[in-house]
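Trainee: Sequence:
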Amino acid sequence: MTRSDLVAHLAERFSQLTQRDTEFAVKTILDAMSEALARGHRIEIRGFGSFSINRRPPRMGRNPRSGEQVLIPEKLVPHFKPGKALREAVDAHLPVADDAAEHKQQF
Numbered sequence: 037m038t039r040s041d042l043v044a045h046l047a048e049r050f051s052q053l054t055q056r057d058t059e060f061a062v063k064t065i066l067d068a069m070s071e072a073l074a075r076g077h078r079i080e081i082r083g084f085g086s087f088s089i090n091r092r093p094p095r096m097g098r099n100p101r102s103g104e105q106v107l108i109p110e111k112l113v114p115h116f117k118p119g120k121a122l123r124e125a126v127d128a129h130l131p132v133a134d135d136a137a138e139h140k141q142q143f
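What the sequence shown shows, in my numbering, is residues 37 to 143, in sequence order.
Hints in this document: simulated from the structure, not taken from any laboratory.
C-beta atoms are modelled at their ideal positions from N, C-alpha and C, and glycine is treated no differently.
If a hint is listed, it holds; no wrong ones were tucked in.
Quick list of simulated restraints, FRET-style, between CB atoms:
id, residue 1, residue 2, range
1, K117, L66, 17 to 23 angstroms
2, P109, V62, 31 to 37 angstroms
3, F50, Q105, 54 to 60 angstroms
4, R56, D127, 33 to 39 angstroms
5, M69, D127, 23 to 29 angstroms
In the EDC-like style, the derived pairs of lysine to aspartate or glutamate whose C-alpha atoms are separated by at most 20 angstroms in a straight line are:
id, residue 1, residue 2
6, K117, E71
7, K111, E71
8, K117, D127
9, K63, E48
10, K63, D41
11, K120, E80
12, K63, E80
13, K117, E80
Using the sequences and the hints given, assemble the complete structure.
Mentor: Below you can see the structure in the form of structure tokens.
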């Protein structure tokens with residue numbers, strides 16, 4: 037599901053909201069989450085999961101072209117850990133292996 041799919045689904049589900057209002061609400065929520073993570077805060081949405089920041093320490097890597105060693109600096113990366121309810125919901129709707137390629141959830 038893309039951002040525009042989410043906006044369309046919410047606008048359809050909540051007919052009192054216009055498409056523009058729905059886009060604004062989704063943008064506001066995602067901006068607030070991004071801002072909180074950028075400040076180093078943890079976000080927990082019960083039943084869905086939690087977002088946090090993981091630190092990747094500096095390390096030595098290799099330039100694939102020259103083989104020369106290169107220092108890769110420390111990075112802070114967002115991390116998502118699904119909640120128990122989300123894991124169970126996904127597991128309960130697991131498609132059959134042969135059907136997996138053509139199965140796409142429609143909202």
